[in-house]
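> Make the full structure from the sequences, and use the hints.
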Amino acid sequence: MAKVIVVTSGKGGVGKTTTSASFSSGLALRGNKTVVIDFDVGLRNLDLIMGCERRVVYDIINVINGEVSLKQALIKDKNCDNLYILPASQTRDKDALNLEGVEKILNELKESFDCIVCDSPAGIESGAFTAMYFADEALVVTNPEVSSVRDSDRILG
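The opening residue of the sequence shown carries number 1274 in our numbering; numbering runs sequentially from there.
Rather than coming from a laboratory, the hints here were simulated on the basis of the structure.
Model, not experiment: these values are computed from the prediction.
Treat the hints with care, since some could be wrong.
Derived DEER-like restraints, expressed as beta-carbon distance ranges [stated by the list, open to error]:
| id | residue 1 | residue 2 | range |
| --- | --- | --- | --- |
| 1 | Tyr1406 | Gly1315 | 36 to 44 Å |
| 2 | Asp1366 | Gly1286 | 21 to 29 Å |
| 3 | Lys1377 | Val1330 | 19 to 27 Å |
| 4 | Asn1371 | Gly1304 | 14 to 22 Å |
Think of the CB as a built atom: it goes at the ideal place given N, C-alpha and C, for glycine as much as any other residue.
Given below as structure tokens:
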């Protein structure tokens, strides 16, 4: 069964998306069929980091709303055979990302992937909570400054 790993932090701008991209690429290069999911609805950047911004047609909210299949929304990475990206919506309301819809997506992904990396938005808002809810493990990204460490500590509970 696939392992779900969330990349999170209490603070924005610390490198969560870059870490998610690098970590998921590394997993895929080691032979793990990997998907990386952008949970930052409204402020997606994973597609830019992964170099697939012009290939985004559908996103996670389209899948949750039943407008398209998960297979239609997944973008295969051009540089790594085992890597896929599920982008966040750039224009949708963050409340469209719900636990029931995410659970359905993750259960479907677990059937065909070894690793699922969740790129969490910053802070303790609903998008971050949703990204962390189903995770087996967490990578907490922080900067060496008091506010970043304190915010990351709050994420851990």
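> Holds or violated: 21 to 29 Å for the Cβ distance of Asp1366 and Gly1286?
holds, 23 Å
> Is it true that the C-beta distance of Tyr1406 to Gly1315 lies inside 36 to 44 Å, as the hint says?
The hinted range 36 to 44 Å is violated for Tyr1406 and Gly1315, with Cβ atoms some 19 Å apart.
> Hint says 14 to 22 Å; check whether the CB-CB distance for Asn1371 and Gly1304 agrees.
violated, 33 Å
> Verify the CB-CB distance for Lys1377 and Val1330 against the hinted window 19 to 27 Å.
holds, 20 Å
Violation of the numbered hints given earlier is confined to hints 1, 4; the remaining hints are satisfied by the structure.
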